[in-house]
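Chains A, B and C supply the protein sequences, listed in that same order.
When we follow this note's numbering, the leftmost residue of the first sequence carries the number 1, and every step to the right adds one.
When we follow this note's numbering, the leftmost residue of the second sequence carries the number 1, and every step to the right adds one.
When we follow this note's numbering, the leftmost residue of the third sequence carries the number 1, and every step to the right adds one.
Any given hint could turn out to be false.
No copy is singled out in the list; a pair is fine if it fits within one copy or between any two copies.
As the list claims (entries may be wrong) - Pairs of lysine-lysine residues, derived as DSBU-like cross-links and limited to a Cα-Cα distance of at most 35 angstroms, are as follows:
| no. | residue 1 | residue 2 |
| --- | --- | --- |
| 1 | 134 | 101 |
| 2 | 192 | 101 |
| 3 | 319 | 190 |
| 4 | 190 | 151 |
| 5 | 192 | 303 |
| 6 | 297 | 192 |
| 7 | 208 | 144 |
Treat the hints as calculated values from the structure; they're not laboratory data.
It should be emphasised that the depicted structure is a prediction, and the values quoted were computed from it without experimental measurement.
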Amino acid sequence: MPAMTPHDIHRMIDGLSAEALGELKGRDFLLTWDKSREELETVLQCALVLKALRTSNISARVYDSGLAVSLFRDNSTRTRFSFASACNLLGLTVSDLDEGKSQVAHGETVRETANMVSFMAEAVGIRDDMYIGKGHTYMMRVAKALEQGHKDGVLEQRPTVVNLQCDIDHPTQTMADLLHLVSETGGVEKLKGKKVAMTWAYSPSYGKPLSVPQGVIGLFTRFGMDVRLAYPEGYSLMPDVVDTAGKFAREARGGFRVCGSMQEAFDGADFVYPKSWAPFSVMEERTVLVESGDRHKLQELEKRCLETNARFQDWQCTKELLAQTNNALYMHCLPADISGVSCVRGEVTAEVFDRFRTPLYRQASWKPYIIAAMIFVSRMANARATLSTILDRAESRVL
Amino acid sequence: MPAMTPHDIHRMIDGLSAEALGELKGRDFLLTWDKSREELETVLQCALVLKALRTSNISARVYDSGLAVSLFRDNSTRTRFSFASACNLLGLTVSDLDEGKSQVAHGETVRETANMVSFMAEAVGIRDDMYIGKGHTYMMRVAKALEQGHKDGVLEQRPTVVNLQCDIDHPTQTMADLLHLVSETGGVEKLKGKKVAMTWAYSPSYGKPLSVPQGVIGLFTRFGMDVRLAYPEGYSLMPDVVDTAGKFAREARGGFRVCGSMQEAFDGADFVYPKSWAPFSVMEERTVLVESGDRHKLQELEKRCLETNARFQDWQCTKELLAQTNNALYMHCLPADISGVSCVRGEVTAEVFDRFRTPLYRQASWKPYIIAAMIFVSRMANARATLSTILDRAESRVL
Amino acid sequence: MPAMTPHDIHRMIDGLSAEALGELKGRDFLLTWDKSREELETVLQCALVLKALRTSNISARVYDSGLAVSLFRDNSTRTRFSFASACNLLGLTVSDLDEGKSQVAHGETVRETANMVSFMAEAVGIRDDMYIGKGHTYMMRVAKALEQGHKDGVLEQRPTVVNLQCDIDHPTQTMADLLHLVSETGGVEKLKGKKVAMTWAYSPSYGKPLSVPQGVIGLFTRFGMDVRLAYPEGYSLMPDVVDTAGKFAREARGGFRVCGSMQEAFDGADFVYPKSWAPFSVMEERTVLVESGDRHKLQELEKRCLETNARFQDWQCTKELLAQTNNALYMHCLPADISGVSCVRGEVTAEVFDRFRTPLYRQASWKPYIIAAMIFVSRMANARATLSTILDRAESRVL
């Protein structure tokens, strides 16, 4: 991003929709389809402003004190650091709710824990993506508990819940992906009509969440893109999300189509996003088995899935497949399963991955700004005025 | 708490006793009975000022840099987050001394570790509550090491040790409890003569620390309250602490009585605090067994205790018991063992817990402010002047 | 350190070499022998300035936001807290890359991880000291990845890598040790000709890194000291480092000699640094066995080494040995194996350790300032001007 003058940044700030900011204020960010298209664009734009400020060495610190709570129920590198970076940019200190070190196991309810960690919290980021029907439900319960706690005078402020990946959606990822496309193409309006292939790809592992492909089809369709979803037989996504994607495509006069092969999806595509996931039905079965604690059946399920998986080893992103596209940009949420690098055979060849390494890393680099923007638009009483104040006071981030 | 004008807050600050502040300066907070009543009231008042400032969006950040060290030798949710919140409010960054990740196990002495982590530390918060004769002793050793390190020119400042729960007392909990009562009744002087029932209650678990009941009887008696301690035969507390509570009650012209039943303690009570704990003698036996590493005898002890425990399942806080009180406020340090919720049968019925959920959460909400006040009064060279400066500079906590 | 006037501190700042600062800018701190003597002195001097500022209650916070990443592949107390303190002093928030909680295990490359955690990072501190040929190599790879990431526009800034102990060197330790000597003797020029005994000492454990003795001989020789390295037969260090130390001694017209006994090394010494380490050849063998996963052979190696070790129990720092020195200052990186305290028989007698406890703790107290200085000189565009600005704005560290 080229350096911008304060005047440029002021114009970006003026472009933020007051109406959308009004809607975003005080709201959680759990699923992109809970938000209007204008609200989503406002978050993207706010992220761009925050980046422009930082690039200009202007500190966007709006909190002199305040906590952000993180709760990771699954491993994470980039989301953990993105959340830490975003909170730090705004002046919040992250306190990690490590359930192993807490008394959560000792019969504490979600409602109670949510209140107990939030007396001085402005944001709560949660990753809970492993079991169908669990993650989003948990986040809703946390949000409700915080809402009630604030209403009851227990919490002086109502922290914003940010979904750092649930069983259904992964909005901090897909919004960063979208901002990457905006940045690469030159504007959100340029995305209209662009062809995207969101496809399954082979991985030697089993049980990867559905949240990325679901998040992508549920978000990219809203911007008039022509989205093709491809997967081998049996690897379907949640029907609701697929329906929603179809509806969004019709509303935005874009396209949404399910294809039976990578070839079909890649044909003439502008962007390709090949990524492994587990079939919805398997994830459901797995959730039930985990709940019942049936280790034997879980191992059987895993064995069966890996066998099924192995039948689709040709679902790999190769340079030959890319040659059929419209000089497509390769995307991935990382880490990718790279053939010959992180596994014998995986989602993508090393050759393709290497060619796109720099844009892939840039894609990831938007996440801290997206998370900061999600928190910012929810927490600030008047986000536009505050951004102007930040710009005008021009406090140095680095002395 | 209603919004206050700067004038109101100035009056609160003026009300702080200069003499008590002088005594608190540079001192640790390990046991409430080490402090004079005036000192305790000064800490409560300082906590109220810090809350009034935050509610008025005035930042109480007094440190531009500085560390706070936390050491948790037992699980914790609310105390961990309260300590994090308190330190953050004052501008300190918490660094957790995770003994598993440190070289503490490799023959490092308490004296050495205490100095090594404190070169830039202003406060050290410790939870060490599991073994009789250990926690408080450990904190005293840390305090002595820091005192010596500062005297020897090793430490540029002498960090304040804050007891986040030891084997004897739990001052951040009981001071927060007390502030809750002050807030509910309208003033510390209103507490005089109020009847409090601190009673044992049944829990299906074994080995809960004595620090809360001991802390409560050792603190509430100082404010002229009529404190009744009730427990089943065999569940007595440390004799020293019980003696101290009696002495405090006489001095403050309040009351202190040991009762043999919840009924007796609840009769006409204004506040009830039913909570499980392990008998002192059991805790002592357990400490010896843990030291000797005798797992078999430990299991036997646990089995025996659980059997004894099970005989007192009727020690449960019910609405019938509450009906005998003077419309009492139910208190708990949380998490409670709630019958039918976190266990089959526990300390309190779900009905009672639900009725008092909001005041219970508010009770917990004072802890960050109490901890911040404990650190503040110990660290500031002139706490009253500094609070006035904070108020007058009126830096926004949130832009 | 006596309190200094702003005038004194200004003179210290003026003494910083502009040329050396120019060389240090943007560079990592991996090995002291990568730096010129003038650069090393500049880091020492910058550390002294940062200490003088803090002692004068002047905040050296140069970052209003920014992350520091820490990665500890081995246990650590003092380095962990020193890094936390240093970063906090400058305004950076430490985010720990806990590889267990990350996706590093899932086939992520060093290059990718390095970029993914660094979008808003200014410094990356790494401890990786367990295996020969690994730690330094890993740090170089991280540094290269960050360099490339910045060049490719992935990272807005190029974080500085700080070696918090590798297989070869331990510069934050030895630079702190050196600053301790400067502080004790009154100036870096006073070190010329001083006799230092860096000797092996007995420990009941096995496998301690070589980085401290190697770091010491590779650093102290540069300042014209007369360095004697002593160890039992078979406990030699990496030949390259020993050669480098010899070369430095010749260049600085100091001395460097390998002795066969503590007695010889201690004779007339001004400073003694007796410390256990594993033989280079054993560390090499161990690295191969760890890689091959051969637990049986590893146990055999350990057994054999402990047997060899046991033959040298008389390599212990006693008061009798100290009596042969020129009233030497005893040094150690801590924790020491103290006979009768942390082990039956170890590196030093309790009597000697106790006599030097305070200077030992002071020795350790320099590490936070050394780390802060390493980051500062690398990150600041104009370190001298920035220090002057910090001094002139005179923002209070504690209100």
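Results of checking the hints against the structure:
For the homomeric pair residue 134 and residue 101, the shortest alpha-carbon distances inside one copy (22 angstroms) and between copies (21 angstroms) are both at most 35 angstroms. In the homo-oligomer, the alpha carbons of residue 192 and residue 101 never lie at most 35 angstroms apart, since the shortest distance is 48 angstroms inside one protomer and 39 angstroms across protomers. In this assembly of identical chains, residue 319 and residue 190 lie within 35 angstroms of each other by CA distance solely inside one copy; the values are 26 angstroms within and 65 angstroms between copies. Taking identical chains as interchangeable, the C-alpha atoms of residue 190 and residue 151 lie at most 35 angstroms apart only when they sit on different chains, with a minimum of 28 angstroms there against 43 angstroms within one chain.
In this assembly of identical chains, residue 192 and residue 303 lie within 35 angstroms of each other by CA distance neither inside one copy nor across copies; the values are 42 angstroms within and 69 angstroms between. Within a single copy, residue 297 and residue 192 get their C-alpha atoms no closer than 46 angstroms, and across copies no closer than 63 angstroms, so neither meets the 35 angstroms cut-off. Taking the shortest alpha-carbon separations for residue 208 and residue 144, both the intra-copy value of 28 angstroms and the inter-copy value of 31 angstroms come in at or below 35 angstroms.
Of the hints listed earlier, those the structure fails to meet are numbers 2, 5 and 6, in rising order.
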